[in-house]
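Protein chains: 2
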Amino acid sequence: MSTEKIPYKIYLSEDELPKQWYNVRADMKKKPAPLLNPATGRPVTADELKAVFCDELVKQELDETNAYIGIPDEILSFYKMYRPAPLVRAYCLEKALETPAKIYYKFEGNNTSGSHKLNSAIAQAYYAKKQGLKGVTTETGAGQWGTALSMACSYFGLDCNVYMVKVSYEQKPFRREVMRTYGASVTPSPSNTTQVGRKILEEFPDTNGSLGCAISEAVEAATSKEGYRYVLGSVLSQVLLHQTVIGLECKTAMDKYGIKPDMIIGCAGGGSNLGGLIAPFMGEKLRGEADYRFIAVEPASCPSLTRGVYAYDFCDTGKVCPLQKMYTLGSGFMPSPSHAGGLRYHGMSAILSELYDQGLMEARAVEQTQVFEAAQRFARVEGILPAPESSHAIKVAIDEALRCKETGEEKTILFGLTGTGYFDMYAYAAYNDGKMSDYIPTDEEIAKSTAKLPKV
Amino acid sequence: MSTEKIPYKIYLSEDELPKQWYNVRADMKKKPAPLLNPATGRPVTADELKAVFCDELVKQELDETNAYIGIPDEILSFYKMYRPAPLVRAYCLEKALETPAKIYYKFEGNNTSGSHKLNSAIAQAYYAKKQGLKGVTTETGAGQWGTALSMACSYFGLDCNVYMVKVSYEQKPFRREVMRTYGASVTPSPSNTTQVGRKILEEFPDTNGSLGCAISEAVEAATSKEGYRYVLGSVLSQVLLHQTVIGLECKTAMDKYGIKPDMIIGCAGGGSNLGGLIAPFMGEKLRGEADYRFIAVEPASCPSLTRGVYAYDFCDTGKVCPLQKMYTLGSGFMPSPSHAGGLRYHGMSAILSELYDQGLMEARAVEQTQVFEAAQRFARVEGILPAPESSHAIKVAIDEALRCKETGEEKTILFGLTGTGYFDMYAYAAYNDGKMSDYIPTDEEIAKSTAKLPKV
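Chains as they are written, first to last, in the working numbering: chain W, 1 to 456; chain Z, 1001 to 1456.
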């Protein structure tokens, strides 16, 4: 434990970067429920998954016993281009809030994809390349995942086909251009390049598209072409595994300076960032070595943990993926068009769902306008303009810091700042113009969409 | 000198950050020519300048003797939020080019303003605050300077009025929203808020605006309101002084690892980045302690160093600022609408002009399409999507690295990567679509605009 003054930003040296990812499932006594094959109702086999996903990633997806999985050298080299990510002491925010709390954030936005998504994209691209594949397919909504995957594929010389939800394709032309600059082909979904796309276009010629439809198109494109596989940017356990690089770096940096967080806060859509950030700390809690509070923050417009049910459901609206037991609002749930596209997902990672169900993690839902208030407050004192998704964590971190101001407690707060909002300025414009609305689904809406869960 | 392997990114610790800016004029035997008052034809006095600029900044502008000027603690604290900026070893680019050259770049884009502009913005805002001013005014073209100043003013609670060239205001709504998020008021120029604006609008109601007009409006706004001053993001010697934090960090990092660059390359519009990057190295050259090649890279569409004349000229098209001796294309020169807005300036910093005139620095002009080719090549292997301005330096760094490949020389190349291109995707779109054009002014055009220089 160091006694020197904590710097504004703690950067690890390259030697201190994690060389293994941490698989939190190994330390869970009760494991997440297995993925089910919707056709048979039985746990999916590795062979079934290998038709859709890369072989090595299937292995990682199903691995519940190995606590540490080595990071290949090629991935480590890529990580070194943009990692370590800084652990920042929010001195200026603390001062502005006049709080006795000590606030830290792990900032993942200092790379061109603008978020933590690159941590898993490069891993998935690497395994695809190693398997000798020609390329991968994926879907993207807000565009951060698609951008990250484009960068990763460009690095390894892989073909990258992104199905981008049509309304985003049209409203976010700049995200699309970043992907094109990295050599990806970007197709607005639904498209006439797939059977499922043509079918939807025939039925609803004026549709704006949806994430569910884009997933179905990407899966069809991957499985119908020689040498392609489908990749996904969140929800899956393999993605949470790769993202543990966030939490591991964070833990090393905090240990180095003798910092112990009282609570760890992260936004949660599919769970990739939160799962990666908390994993090593959760491991200590599971092993009885230390205790922490973990808080998942979700949008009030899409409250899977706080208002959903814990049950088997489809991961996609097209119902082509395996069934996963998770907190879900129902795969048919249509969240209102909020500005935090990365959090508009009906379900939640199986790992996080199980930890939440066991009472090891809390969850809180926050409304959009409050989130942008917090984002602006943060931006003005800490310099960084945060992504709408990340700002959900900022909102709760500020709430907790203000609570400390009331009670006088000097708590240590750590939150994940997943990315920057440079491609979300239309959302900030709505906020600046006072035109942002908050929509919270009614109990009837949620009851209706969760009533249609598959029977298993 | 360290013998350990050079990491991908060298981050200094906070203790190693420069505590003084370096004033290269102190080491120049022949100083830059003094600014002249256009009304009297005599050197401007401090008192004359103080009507427009903050007192302390006037002192810095006129200081030719003090080699080091202390950085106030408040500015150092702000620097610590986003500095040190990394010095990056471009291992992946070297590999892709198959060059024996060693390539380094100093990356200034890891802050929300997206560029090095913040280094001077925070200094100028600090001195304005210290003088007890209410606010500052400025102009912005592409928007990077306006964004940086908005952030700095927000931090110190200063009012910030930005006159944004009308065509940029309309074409770059997202830049405008970033400034608004930081609390700045952004006015499309020409506007009816100033006399000069109203006059221009009366004469040319459909004008798209120009930097020259925006400067004139900002100066009028500053001098006609109690408690306001005008600030500028480049060209002035005070700005180059603040930007030496780039070069000083760079030098410390290189010395630490025993790296000596053979050549230092930077893009040059008004000269703030290049001047700041090369200053401490140039100091060594001026004092006869070491030798380096310095290469200024400018757009072929606006070639002030390579095709301009060295003479007294107005810094603005509105002719309200002092006369400066510099390499200039004439203050009436209208550069073609290239995508590197930050380099579309008719003149060049007085310091850099004098160094160039003394043969201490080289200059090279490059065409836009080649610049975007280099930008894309760089982005695909180094991860970072560069600003069009910064990509001018990338283009020449790649050219020099490929020359080393031919000759087999293991030269060490350092270039300045001033910022990111996230708000320039319309430009990348033009490149991706094959719709980018190159325009080089004819000799007649340059002769015509330089024929109208003021007589002094």
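In short, the hints are calculated from the structure, not lab data.
Some clues are possibly wrong.
[Claimed, not checked] Some residues of chain Z that are not near chain W, with every Cβ distance over 10 Å (derived):
1. Lys1166
2. Arg1380
3. Leu1385
[Stated by the list, open to error] Listed below are the simulated EDC-like cross-link pairs for lysine to aspartate or glutamate, each with C-alpha atoms no more than 16 Å apart in a straight line:
4. Lys1005/Z <-> Asp15/W
5. Lys5/W <-> Glu1014/Z
6. Lys95/W <-> Glu1074/Z
7. Lys9/W <-> Glu1016/Z
8. Lys1009/Z <-> Asp1255/Z
9. Lys1009/Z <-> Asp47/W
10. Lys9/W <-> Glu1014/Z
11. Lys1009/Z <-> Glu16/W
12. Lys1005/Z <-> Glu14/W
13. Lys1102/Z <-> Glu1362/Z
14. Lys1009/Z <-> Asp27/W
15. Lys285/W <-> Asp15/W
16. Lys1285/Z <-> Glu1362/Z
17. Lys5/W <-> Asp1255/Z
18. Lys1095/Z <-> Glu74/W
19. Lys30/W <-> Asp47/W
20. Lys9/W <-> Asp1015/Z
21. Lys5/W <-> Asp1015/Z
22. Lys1005/Z <-> Glu16/W
All residues carry an ideal CB built from backbone N, CA and C; glycine is no exception.
Hints, verified against the model:
| no. | hint | in the structure |
| --- | --- | --- |
| 1 | Lys1166 | holds (18 Å) |
| 2 | Arg1380 | violated (5 Å) |
| 3 | Leu1385 | violated (4 Å) |
| 4 | Lys1005/Z <-> Asp15/W | holds (11 Å) |
| 5 | Lys5/W <-> Glu1014/Z | holds (11 Å) |
| 6 | Lys95/W <-> Glu1074/Z | holds (14 Å) |
| 7 | Lys9/W <-> Glu1016/Z | holds (13 Å) |
| 8 | Lys1009/Z <-> Asp1255/Z | holds (15 Å) |
| 9 | Lys1009/Z <-> Asp47/W | violated (41 Å) |
| 10 | Lys9/W <-> Glu1014/Z | holds (8 Å) |
| 11 | Lys1009/Z <-> Glu16/W | holds (13 Å) |
| 12 | Lys1005/Z <-> Glu14/W | holds (11 Å) |
| 13 | Lys1102/Z <-> Glu1362/Z | violated (21 Å) |
| 14 | Lys1009/Z <-> Asp27/W | violated (34 Å) |
| 15 | Lys285/W <-> Asp15/W | violated (27 Å) |
| 16 | Lys1285/Z <-> Glu1362/Z | holds (14 Å) |
| 17 | Lys5/W <-> Asp1255/Z | violated (26 Å) |
| 18 | Lys1095/Z <-> Glu74/W | holds (14 Å) |
| 19 | Lys30/W <-> Asp47/W | violated (25 Å) |
| 20 | Lys9/W <-> Asp1015/Z | holds (12 Å) |
| 21 | Lys5/W <-> Asp1015/Z | holds (11 Å) |
| 22 | Lys1005/Z <-> Glu16/W | holds (15 Å) |
Violated hints, in rising order: 2, 3, 9, 13, 14, 15, 17 and 19; the structure is consistent with all others.
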